[in-house]
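**Q** One letter stands for each residue in the lines below.
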Amino acid sequence: MENKTKDTVFSIIMMLLGGYVVIESVRMARKAASPPYNITTLSVSPAFLPVILGIALIVFSVILLIMSLVGEKHPAKAFAQHITTFSTRFVAALQTPGILKMIGGVAIMAVLTFLMMGRIPFWIGGTLFMFATMLFLRATKWWKSLLSSIIVMAAMVLLFQVAFGTTLP
Amino acid sequence: MTAQYLLNAILTVLTPINLLFLVLSTTAGLMMGVLPGLSATMAIALLTGLTYNFPTQSALIALIGVYVGSISGGCQSAILLNIPGTPASAATALDGFPIAKQGKGGLGIFLATTVSCLGTIISVIFVLTLTPMLTSMALKFASWEFFLLSIFGILICGAITAQGKAVKGWISGILGLLVAMIGLDTVDTFARFSYGNVNMMSGIQLIPVMIGLFGFPEIVKSFKGDGASEIQKLTKFKAREGFKLVGKNIGTIIRSAFIGVGMGIIPGVGEDVGGWLSYWATKSLSSEEEKQTFGTGNPRGVISAETGNNACIGGAIIPVLSLAVPGSAPAAVLLAAFLMHGYRPGPLLMTESPDFVYNVGIYLVFAAIAMWVIALLMAKVTVRVLRMNKKILMPIIYVLCIIGSYLINYNMFDIKVMFAFGIVGMFLSYMDCPPAPFLLGVILGPMADSNLRRALRLSDGSFAPMFQRPICIVFLIVIAAMILSQLGVFRQLKKVNTRRKTA
Numbered sequence: 001m002e003n004k005t006k007d008t009v010f011s012i013i014m015m016l017l018g019g020y021v022v023i024e025s026v027r028m029a030r031k032a033a034s035p036p037y038n039i040t041t042l043s044v045s046p047a048f049l050p051v052i053l054g055i056a057l058i059v060f061s062v063i064l065l066i067m068s069l070v071g072e073k074h075p076a077k078a079f080a081q082h083i084t085t086f087s088t089r090f091v092a093a094l095q096t097p098g099i100l101k102m103i104g105g106v107a108i109m110a111v112l113t114f115l116m117m118g119r120i121p122f123w124i125g126g127t128l129f130m131f132a133t134m135l136f137l138r139a140t141k142w143w144k145s146l147l148s149s150i151i152v153m154a155a156m157v158l159l160f161q162v163a164f165g166t167t168l169p
Numbered sequence: 001m002t003a004q005y006l007l008n009a010i011l012t013v014l015t016p017i018n019l020l021f022l023v024l025s026t027t028a029g030l031m032m033g034v035l036p037g038l039s040a041t042m043a044i045a046l047l048t049g050l051t052y053n054f055p056t057q058s059a060l061i062a063l064i065g066v067y068v069g070s071i072s073g074g075c076q077s078a079i080l081l082n083i084p085g086t087p088a089s090a091a092t093a094l095d096g097f098p099i100a101k102q103g104k105g106g107l108g109i110f111l112a113t114t115v116s117c118l119g120t121i122i123s124v125i126f127v128l129t130l131t132p133m134l135t136s137m138a139l140k141f142a143s144w145e146f147f148l149l150s151i152f153g154i155l156i157c158g159a160i161t162a163q164g165k166a167v168k169g170w171i172s173g174i175l176g177l178l179v180a181m182i183g184l185d186t187v188d189t190f191a192r193f194s195y196g197n198v199n200m201m202s203g204i205q206l207i208p209v210m211i212g213l214f215g216f217p218e219i220v221k222s223f224k225g226d227g228a229s230e231i232q233k234l235t236k237f238k239a240r241e242g243f244k245l246v247g248k249n250i251g252t253i254i255r256s257a258f259i260g261v262g263m264g265i266i267p268g269v270g271e272d273v274g275g276w277l278s279y280w281a282t283k284s285l286s287s288e289e290e291k292q293t294f295g296t297g298n299p300r301g302v303i304s305a306e307t308g309n310n311a312c313i314g315g316a317i318i319p320v321l322s323l324a325v326p327g328s329a330p331a332a333v334l335l336a337a338f339l340m341h342g343y344r345p346g347p348l349l350m351t352e353s354p355d356f357v358y359n360v361g362i363y364l365v366f367a368a369i370a371m372w373v374i375a376l377l378m379a380k381v382t383v384r385v386l387r388m389n390k391k392i393l394m395p396i397i398y399v400l401c402i403i404g405s406y407l408i409n410y411n412m413f414d415i416k417v418m419f420a421f422g423i424v425g426m427f428l429s430y431m432d433c434p435p436a437p438f439l440l441g442v443i444l445g446p447m448a449d450s451n452l453r454r455a456l457r458l459s460d461g462s463f464a465p466m467f468q469r470p471i472c473i474v475f476l477i478v479i480a481a482m483i484l485s486q487l488g489v490f491r492q493l494k495k496v497n498t499r500r501k502t503a
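In order, the protein sequences belong to chains A and B.
Sequence positions in the first sequence follow the working numbering and run 1 to 169.
Sequence positions in the second sequence follow the working numbering and run 1 to 503.
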């Protein structure tokens with residue numbers, strides 16, 4: 001994808017984020033001005049640096065947006081074109097096998113991170129995750145995947161739990 | 001007396017048991033440094049517990065060995081895998097990985113390891129001889145200077161890593177600074193961006209962010225079969241060629257070591273900043289023609305970054321010994337380890353335990369030499385580990401990333417933070433936005449925030465004192481010049497001037 005297209009979309013997202021940060025920081029400043037904090041001067045308020053950072057984010061995003069549209073005869077048209085191109089290519093990319101594999105992999109990682117951790121012992125969750133991911137990616141034969149997952153997990157438990165005396169998740 | 005202390009320290013480290021501890025700890029440190037997600041801080045923290053029952057000197061040797069090993073080991077995965085093993089080696093990856101891609105992985109690792117050793121040894125000279133002078137220089141920094149120093153660090157990092165689009169690097173740095181704002185602020189304990197979540201109130205830990213930003217995208221890319229995360233070969237090379245390159249760049253090494261020590265001595269500014277600043281200085285001082293080769297496999301990039309980050313080790317230890325103020329995160333853990341083993345670093349150290357400074361200096365030298373030998377011998381093993389089928393290796397690395405995120409605080413929340421910042425890292429990577437300034441923002445954010453607020457409190461909210469301090473004025477001029485030059489303002493002014501002259 002053309003760099004200018006990415007820059008346009010990135011700058012818009014960052015501008016929105018900058019706007020949110022400024023609004024949230026103003027709320028923070030108001031809260032800091034009330035009891036028990038009573039900090040009424042903005043420059044000594046805990047919200048001061050976040051406000052500055054939010055404004056800086058907006059300013060730099062505007063500069064990036066201008067840079068991505070410099071040299072275009074019709075900047076407004078070019079802006080709309082960049083947004084359309086990005087959306088079309090993003091949707092198209094979601095249907096390619098490589099991206100689908102990435103999404104599948106991230107989903108398996110999310111299952112381990114959010115559903116298994118803390119609910120089942122780490123050595124079971126970790127082994128299952130490694131085996132499932134290797135299987136999903138067709139890394140090697142299934143029994144080799146299973147064996148390597150078990151060996152690696154045993155080594156990790158030995159190193160961290162037995163040798164270093166730490167507690168695994 | 002000094003010679004006696006030095007001789008005693010050498011004899012102590014040369015006993016068989018201490019040599020064994022040195023070799024084992026340096027190897028463990030190297031392995032920790034090589035594996036992405038296992039940081040120097042964590043390595044020292046893990047070993048601190050393990051060495052609790054060791055004889056004091058053996059424990060100190062082991063701790064220093066693991067420190068030097070883990071900081072140096074990060075370069076191997078940075079060069080072969082394009083994933084910095086530790087944040088300290090992030091700058092190394094910029095030129096190290098392209099060197100490996102050119103089929104010179106072996107040479108890249110030799111260079112990085114050799115200059116790492118030299119950087120550490122040069123820093124020891126500072127630890128032993130220039131400690132008082134450097135300490136007094138660092139003591140001149142007050143809140144305003146620390147604030148401007150952190151902003152300067154982020155701007156430099158953004159300008160270096162954004163490959164011609166500094167604005168993107170700066171945006172990335174601002175995002176990192178914003179992440180550092182999450183949690184209770186250090187001055188008023190006011191909860192910022194916490195949304196009532198207790199875990200968020202205690203702030204976002206650095207290690208999960210680092211693992212997420214740098215490790216996660218590489219893991220996910222490997223699922224796709226993307227060549228970008230390909231593990232490069234450790235090719236054969238002639239040692240003479242490596243030594244020649246080191247010899248040719250001796251000036252770069254000395255300059256980078258100076259920068260590294262200088263950055264290390266300033267509290268809170270760690271090995272990563274030392275690496276970045278050294279890299280930036282080398283790039284800036286190069287000819288216009290050579291500047292274009294940085295980021296494409298210029299050996300001077302690797303040499304400056306690795307010398308700089310390793311020289312920080314000695315630099316970071318100087319304030320630990322003289323002021324009991326750590327120069328970096330790993331040095332903070334080391335300080336705790338020193339205290340645990342009965343030493344009281346600080347102004348009274350030289351009267352209470354005068355031999356301690358010399359012991360630390362000598363242990364650092366031996367650790368650097370041991371690291372050089374072991375790292376070069378171990379490189380083949382490292383490659384075997386890193387050269388495994390990516391689809392087998394990456395799930396294993398993700399499990400290590402989980403362990404690395406968890407062990408810092410033994411908190412499940414940190415694992416989720418790592419995953420979340422992994423998604424952020426993927427987004428930044430997709431948008432061609434460098435993640436390094438983001439990480440630096442997270443590292444330097446607390447320093448910037450607390451120092452700015454402290455300074456403003458002392459001046460009743462006025463910025464006037466900032467413009468009355470010489471060091472601040474230098475910082476402000478450099479920052480303004482950097483922003484204006486990166487935005488092309490000087491170029492435009494030059495064009496206008498030329499047009500006027502021709503008219």
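Bear in mind the hints are in silico, worked out from the structure with no lab data behind them.
Keep in mind it's a predicted model, so treat the numbers as computed, not measured.
Glycine included, C-beta positions come from ideal geometry on N, C-alpha and C.
It is possible that some hints are incorrect.
Claimed, not checked - Here are the computed lysine-lysine pairs in the BS3-like style, where the Cα-Cα straight-line distance is at most 30 Å:
#: 1; chain 1: B; residue 1: LYS494; chain 2: A; residue 2: LYS101
#: 2; chain 1: B; residue 1: LYS224; chain 2: B; residue 2: LYS416
#: 3; chain 1: A; residue 1: LYS73; chain 2: B; residue 2: LYS416
#: 4; chain 1: A; residue 1: LYS4; chain 2: B; residue 2: LYS380
#: 5; chain 1: A; residue 1: LYS101; chain 2: B; residue 2: LYS101
#: 6; chain 1: A; residue 1: LYS141; chain 2: B; residue 2: LYS494
#: 7; chain 1: A; residue 1: LYS4; chain 2: B; residue 2: LYS391
What the hints assert, rightly or not - So the derived label-pair ranges between C-beta atoms look like this:
#: 8; chain 1: A; residue 1: TYR37; chain 2: B; residue 2: LYS494; range: 26 to 32 Å
#: 9; chain 1: B; residue 1: TYR195; chain 2: A; residue 2: ALA154; range: 36 to 42 Å
#: 10; chain 1: A; residue 1: ILE103; chain 2: B; residue 2: THR296; range: 28 to 34 Å
#: 11; chain 1: A; residue 1: TYR20; chain 2: B; residue 2: LYS244; range: 29 to 35 Å
**Q** Does each hint fit the structure? Answer for all of them.
**A** Each hint tested on the structure:
Using a Cα cut-off of 30 Å, the hinted pair B:LYS494 and A:LYS101 is violated, with the two alpha carbons roughly 51 Å apart. Between B:LYS224 and B:LYS416, the direct Cα distance comes to roughly 23 Å. Compliance with the 30 Å bound is thereby established for this hinted pair. For the hint linking A:LYS73 to B:LYS416, the alpha-carbon distance of about 46 Å lies beyond 30 Å, and the restraint is violated. For the hint pairing A:LYS4 with B:LYS380, the CA-to-CA distance comes to about 42 Å; that exceeds 30 Å, so the pair is violated.
Restraint check: the Cα-Cα separation between A:LYS101 and B:LYS101 comes to about 25 Å, which is no more than 30 Å; the hinted pair holds. Of the pairs offered as hints, the one joining A:LYS141 and B:LYS494 is violated, with about 64 Å between alpha carbons and a cut-off of 30 Å exceeded. Between A:LYS4 and B:LYS391 the alpha-carbon distance is near 33 Å, which puts this suggested pair outside the 30 Å criterion. In this structure the hint that A:TYR37 and B:LYS494 lie 26 to 32 Å apart at CB is violated, the actual value being about 50 Å.
Between B:TYR195 and A:ALA154 the CB atoms are about 40 Å apart, so this pair conforms to the stated range of 36 to 42 Å. Restraint check, A:ILE103 to B:THR296: a C-beta distance of roughly 32 Å satisfies the suggested window 28 to 34 Å. For A:TYR20 and B:LYS244, the Cβ-Cβ distance of about 54 Å falls outside the hinted range of 29 to 35 Å, so the restraint is violated.
Checked against the numbered hints given earlier, this structure breaks hints 1, 3, 4, 6, 7, 8, 11; the rest are met.
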